[in-house]
Amino acid sequence: MENKVNVFLFGKKYQVPAGLTIMTAMEYAGYELVRGCGCRNGFCGACATIYRIKDKQELHACLACQTEVQEGMYVATLPFFPLVKKIYDINEIKPTEQIMMQLYPEIYCCIGCNACTKVCTQELSVMQYIAHAQRGEYDKCAELSFDCVMCGVCSSRCPAGISHPQVAMLARRLNGKYIAPDCAHLEERVKEINDGMYNELIEKLMQKPVEEIKELYNTREIEK
Amino acid sequence: MYKIEKLNELAKIVAEKRAENASLEPRRMTAEEKDSLLAEFHPDYKQNEFTVLSAGVNKGDKVPTQLAELLQGKSRISSKDVDLSAPDYDTDVLIIGGGGAGASAAIEADQAGVKAMIVTKLRIGDANTMMAEGGIQAADKPNDSPAIHYLDAFGGGHFAAKPELVNTLVSKAPEAIKWLNDLGVEFDKEADGTMITTHGGGTSRKRMHAAKDYTGAEIMRTLRDEVLNRGIPVVDFTAAVEIILDSSGNAAGAVLMNMETKELLVARAKTVIIATGGAGRLHYQGFPTSNHYGATADGLILGYRVGAKLLYADTLQYHPTGTGYPEQIFGALVTEKVRSLGAKLVNIDGDVFMHPLETRDVTAASIIRECTANGKGIETDLGSAVWLDTPMIEYKNGEGTIEKRIPAMMRMFGKYGIDIRKEPILVYPTLHYQNGGLEINPDCSTGVENLYAAGEAAGGIHGRNRLMGNSLLDVIVFGRNAGIYAAAKAKETAVPEGLTLEHIERFNNELAAAGLDTDVQSPMLLPKYARKS
Ligand SMILES: Cc1cc2nc3c(=O)[nH]c(=O)nc-3n(C[C@H](O)[C@H](O)[C@H](O)COP(=O)(O)OP(=O)(O)OC[C@H]3O[C@@H](n4cnc5c(N)ncnc54)[C@H](O)[C@@H]3O)c2cc1C
Ligand code: SF4
Ligand code: SF4
Ligand code: FES
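Chains A and B, in that order, are what the protein sequence lines are. Using the numbering used here, read the first sequence as starting at 1 and increasing by one per residue. Using the numbering used here, read the second sequence as starting at 1 and increasing by one per residue.
Derived from the structure by calculation, the hints contain no laboratory data. Some hints could be false.
Looking from chain B toward chain A, a few residues come up when the C-beta cut is under 8 Å (computed) [said to hold, decoys possible]:
{"#": "1", "residue": "S171"}
{"#": "2", "residue": "G184"}
{"#": "3", "residue": "F507"}
Chain A regions said to be covered by chain B (calculated; three or more residues, Cβ under 8 Å) [as the list claims (entries may be wrong)]:
{"#": "4", "segment": "4-18"}
{"#": "5", "segment": "82-93"}
{"#": "6", "segment": "202-211"}
List time: in silico DSSO-like cross-link candidates among lysine-lysine, alpha-carbon distance up to 30 Å [said to hold, decoys possible]:
{"#": "7", "chain 1": "A", "residue 1": "K118", "chain 2": "B", "residue 2": "K3"}
{"#": "8", "chain 1": "A", "residue 1": "K94", "chain 2": "B", "residue 2": "K404"}
{"#": "9", "chain 1": "A", "residue 1": "K204", "chain 2": "B", "residue 2": "K34"}
{"#": "10", "chain 1": "B", "residue 1": "K178", "chain 2": "A", "residue 2": "K140"}
{"#": "11", "chain 1": "B", "residue 1": "K141", "chain 2": "A", "residue 2": "K86"}
{"#": "12", "chain 1": "A", "residue 1": "K204", "chain 2": "B", "residue 2": "K141"}
{"#": "13", "chain 1": "B", "residue 1": "K3", "chain 2": "A", "residue 2": "K56"}
{"#": "14", "chain 1": "B", "residue 1": "K376", "chain 2": "A", "residue 2": "K118"}
{"#": "15", "chain 1": "A", "residue 1": "K54", "chain 2": "B", "residue 2": "K415"}
{"#": "16", "chain 1": "A", "residue 1": "K204", "chain 2": "B", "residue 2": "K178"}
Every residue, glycine too, gets a C-beta built ideally from N, C-alpha and C.
All chains should be modelled from the sequences, with the hints used to inform the complete structure.
Shown next, in the form of structure tokens:
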């Protein structure tokens, strides 16, 4: 006999094989998923889910595609959560403290309850990255929030109504564009190409008969 | 720790030989060795898994059987189901697909000053682009050049790619990286701004740029944010199910279906871009896949039915290192970066059986051979697999390397009790990438006027095999090109008239004439995973 567990999908009981993820358990139960399922691999944040184990106090959040079912799991998916995304022109804004004040002033209303960190499906230090955003430390906010899949679960728990993943998104773009060091060799190469420096070389390769280019390929030098 | 004790025992053998294996530089295969290996063990060479098409523009060509069924399937609609004279949406450029290619196209079309609109089957960003871990190629280092990149890409694709497409790919690569960087994508850099780059399978220079092991996610979420900042309309959970033509046979929009309510809608457009991505969820030859839920080759079906030609649709990429165990992540990708960072492939005896950075097709075939003909695989309930010796990364590069460079991998296995810093992992090939697709020109035009294609749905850029990092690159380079050229074309095109779906009947007649009697409806839109009791 296969090892089965009892799970409660939106309160209704199903017996499913142990070892399934919440997502595959839903499919096993007969759900045809449209919402709440994207990459099926822990990257897109489409499958945010909250659950509680029968008779236990604690409320958990997870990604349904990444989490194994457990006996007595009460599951509710959160396929959409209304986040606030502010509109800005990345070329106009600058990485100053004021920009957060302007776009996401609610972050200054954080009461330090740490609910966001406790619930994060990626185990990120969410409260901490918001603190960095408050202080205009966008590189640190970017670093701490890097693995965020924008599932929105943290925001669903925030008494201050903060849209954490959107705040972090802004911080990362500011960091990538303005704070991280510029890349000289990249600028240089783009310029060389625009000056047509490689046209002739590539044209020649394009004209070569297959046998010749095979030879070139098979004997090419490979950087160690 | 593995839950199966036998695996912990076998992993010890790998640990014992680690020091010896680390210092080994395995020989690369000769061209002849590769050819015979591929012919015998690569899934693309299994003739009985393919079907020769008997209808449509590629009549006479072979494609995977599951794809043939859809290409020669029936439309989900008939012309009577919609009123083409009263479009629900009217736009200049209609972009089908909200992945990296679609988003890049939308940004460029918007930049060109025309009205662009994205329709996408799931949400914008629920796409293969989001999942790319390893990196993106561009020849921007002093010891590298676009010409060297050309040779790597062209040779890696078995000399079958369209040269003018490879030229576009490599020549626009550095600019693509700069574009992303300027949008705020956080590439891994040294303190002085130098890009941190590594090898990928088949590269002759270290030109793989990354954003940790969330490269695709970092690119995708930034592009999505930019699309939203520009106010470009994005219609989520809305699939294109049929291309609409005008009275001259030019593409003029698409019939859309609301994925939740099944309502049909009409979008009229001056130009249309197909950016629907790959086909992993068709599970060719029964392989598991690394792809997102919506990777069902829809764009190929949409294009084919209105007469756009396919190129190399018979070549698929089986990523050599799909997860072989545990079940919850079976088939999920183990990024090639794991091997770029120094992990080697090892068999049940703890022996290194190949150079870890051969091209993907060769590596996949070699793993399949190790598990079948050579009988040196590790067996579990899920099938056979080989070891990928991840602890070797830290053995060579020092503690902390794994957490810093491949945190997503560490987390993925960590959830199931496997610490990849201490234990090797089990891998087996997984269906990963569609090398071919709708044949395009450098401006992304297809054979059908006003119909463009970009990204994984397009064919010809990578020949018969794609190198890691050239796909994210192609998505940006050709996605942008599609946006630029489709916008320019839209500017000189009048609002299309005489919208029609006549091609559906024409195609049905062709199917009937070929003696094809099918009840398969296509495009598939989503795989059927719900268990029917
Ligand atoms: C796990 C994984 C790892 C990868 N790693 C790398 C890597 O390291 N480097 C690299 O270069 N490449 C990598 N690739 C390949 C690369 O990510 C993809 O080939 C590329 O991102 C495809 O982009 P795209 O925009 O063409 O398609 P996608 O990003 O898949 O987007 C297609 C979009 O179209 C939508 N769609 C599909 N059908 C319809 C329809 N009928 N109507 C409306 N919308 C539709 C989809 O839902 C999706 O939103 C990886 C791929 C995977 C799966
Ligand atoms: S920070 Fe919030 S949105 Fe991001 S992964 Fe954690 S819970 Fe999800
Ligand atoms: S949940 Fe909201 S209020 Fe509480 S710590 Fe997090 S950001 Fe602050
Ligand atoms: S489906 Fe993408 S994170 Fe679960």
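| request: List in ascending order the numbers of the hints, as given earlier, that are violated by the structure. | output: Failing hints, ascending: 3, 4, 11, 14.
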